[in-house]
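K.L.:
Protein chains in written order, with the numbering used here: chain A, 1 to 524; chain B, 1001 to 1153.
Mixed in with the good hints there might be a few duds.
[Said to hold, decoys possible] To be clear about the criterion: a stretch of chain A counts as covered by chain B if any three or more of its residues have a C-beta under 8 Å from a C-beta of chain B, and this derived list gives those stretches: (1) 203–212; (2) 215–228.
[What the hints assert, rightly or not] Short derived list, chain A residues pointing at chain B, Cβ under 10 Å: (3) Pro147; (4) Lys180; (5) Glu181; (6) Pro182; (7) Ser232; (8) Trp292; (9) Arg293; (10) Val310; (11) Cys521.
Read the hints as simulated data drawn from the structure, not as lab findings.
Just so it is clear, CB atoms sit at the ideal spot from N, CA and C, and this is done for glycine as well.
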Amino acid sequence: MTTESLLQQAESLLATMSRGSTRPETNRLDVVIESSGLVPAVSALKNARWGYLTALTGLDLGVEAGVVEALYHFCSDAAVTTLRVRLPRIGGSVPSIYQLIPAVGFYERELAEMYGVTVTGMPDDSRLFLPDDWPVGVYPLLKDFDPQSAQPVKVPPPPRGSSTGERFIIPIGPQHPALKEPGHFEFTVDGEIVTAARMRLGYVHRGIEKAVEQRNWIQSLYLLERVCGICSHTHSVAYCLGVEQLAQVEVPPRAQAIRELIAGLERIHSHLLWLGVAAHEAGFDTLFMYSWRDRETVMDLLETVSGNRVNYSANILGGVKIDITAEFAEAIRRGIDYLEERSRHYLDIVTTDTMFLQRTRGIGAMTREQAEHFGVLGPLARASGILRDVRVEAPYGAYTRFPISAVTAQAGDLEARFVVRLKELFVTCNAIRTILDNLPPGELAVKVPRRIPAGETISRVEAPRGELFYFIRSTGGDKPDRVKVRTPSLCNWTSVLHQAIGCQLADVPLLLAGMDPCFSCNDR
Amino acid sequence: MTTDPNYPWQTVFDKLKTWARVNSPWAIHFNSGSCNGCDIEILATLTPRYDIERFGVKLQGSPRHADVLICTGPVTRQARERLLRTYEQMPEPKFVVAVGSCAISGGVFQGCYNVVGHIDEVLPVNAYIPGCPPRPEAIIDGVVKLLESIKGK
Ligand code: SF4
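Can you make the complete structure from the sequences, with help from the hints?
P.N.:
Structural data, given as structure tokens:
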């Protein structure tokens, strides 16, 4: 179906609940609904299998307007339908849609703690991102939030693991050898079997979404690049695409191609990094060391082209600031050839090594239905046979010119996730070669005004871990009014925590690693 | 072991302990709000290209076995308590290394509502390694400098 017919279908599905609808951009439909109409509206979309819920954005329209909006964004290919629920600024409430879409659990908790919106019927309403000592009734993302009002309050010490009868709760983290980043999990076990799983985020929550509102459009680029040190380029691409769309500037083709090229190199470094960490969790340290040794090849390439190993700062608003010379291109080709050969070797290992297969084959299997139900994204979805990849479903930037084929597998277990990610390396290597062979000539950047015209836009890009979603709103000033970042890890947690139930406790570290979680991404 | 300065063997024992510590410091890593960039570079120092283990440095899981605390990132409100607790669990003498601009000054995250500050507002820091993130070579250099400074003690 074309984007247009998808949007028309959504409009007719929502006709009875709609209190007015608009088409802010060609691929978007905004439908205003009452909070009482939320459950029927979501059911209508869900029953018609119209896309999936990708994010829930809270939006404060300011003290004078007295309105807070909850925006439920649904995506189907390139079409985005947004349900806008308008609520009073104080004491607003929406019903929970957790029973329909489990992945919304985390988003609803975020909405409640950041905006003070009551979500009725939430299964878990504990703190998610804000610290334990945060005072009740202070909501940081409201426009009139005063940091002085958030003085720490006294809290009772956290429970230290407890037992009821035969059941034990095992707390893991925030500081734990199996976690490279801080997060806190509580696994209830019955003997060796996990019977319940909970998690607490927020150890690396810095408050970037709020900080962006205090920085201008250019400063925000560098801040958002540092949401995540692994997929930093993807974050800056998502932000740039959105801002360029609002400013209505056309990025030169050469810049778009260079963006895709660097995104490809970043994907290679991210997948190799993950391969090592996941192998380490499985006790296969040799593979960890080998894959990280080879990862240095791609780090060298990134450093050659950008001058930095991690936060490359390749993007500027309106284009890129680094060029790919013939000399760089040659170096990249050589590096890619080597990495491709090594990836073949690794693919061979993870699909034939008997010891390793005992840790991965058939473990944590997720069927296609389950994956759809939990709304998983990225390689996790593709390993369960769902073709979910923004680069294919809604090509952006240079992906229209240099298309990419998505890799899927059917088994949905840990092995399938290894296979999908490794095969993606081959696809990425080929894409990089194509770009190098056909690099469009021309300018690297166009000028973008200091003040961005008022408007709202959505930009979605495919990060190494799945779809990255940005909602950007400008009121015409030199600072963003709202930037919402929804990262793929936050979507995928729900499914992994459900999958952990019934598993052996010993399989849990690998199960968590198999998702390739990134805490700094989902905490922001 | 006794620590009486008049005990005749004391200086010999002290020398021996310092020698052992300098030759094989065990480190623990804590991320109190970093973007991951620094953490990945620390992990990279352990891998074959950089191989920090050739200086005897070993990354340890438990604070109770560690001599050096490697900190990354600004300190967030939720992580502050845990950072302190990790530090307190380490046996004396202990050393703290702050890796990255964020750990040194808060970096780009200065002024964020959930950031309480940089590492040396919470813990005494012995070595600072600047960069966003510092290269693995810089991290190794920082650790080696720290070891040099311990030698004299
Ligand atoms: S110094 Fe840079 S790389 Fe390190 S945590 Fe801070 S922002 Fe990330």
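K.L.:
Now tell me, hint by hint, if it's right for this structure.
P.N.:
Consistency of the hints with the structure:
Counting residues of the stretch 203–212 of chain A whose CB lies closer than 8 Å to any CB of chain B gives 8, so the stated coverage by that chain holds, three being the minimum. Only when three residues or more bring their CB closer than 8 Å to a CB of chain B does the claim for the stretch 215–228 of chain A stand; here the count is 5, and the claim holds. A cut of 10 Å between beta carbons decides the hint on Pro147(A): the least distance to chain B is about 5 Å, and the hint holds. The interface hint given for Lys180(A) is met, as the beta carbon of that residue sits about 6 Å from the closest beta carbon of chain B, less than 10 Å.
Contact between Glu181(A) and chain B, as hinted, is supported at the beta carbon level, the nearest pair being about 5 Å apart and thus within 10 Å. Here the hint on Pro182(A) is kept, as its CB sits about 6 Å from the closest CB of chain B, short of 10 Å. About 7 Å separates the beta-carbon of Ser232(A) from the nearest beta-carbon of chain B, less than 10 Å, and the hint is met. Interface hint status for Trp292(A): upheld, as the beta-carbon distance to the closest one in chain B is roughly 4 Å, under 10 Å.
Hint status for Arg293(A): holds, given a least beta-carbon distance of 4 Å to chain B, under 10 Å. The criterion of a C-beta within 10 Å of any C-beta in chain B is met by Val310(A), whose closest approach is roughly 4 Å, and the hint holds. About 8 Å separates the beta-carbon of Cys521(A) from the nearest beta-carbon of chain B, less than 10 Å, and the hint is met.
Checked against the numbered hints listed earlier, the structure breaks none of them; every hint is satisfied.
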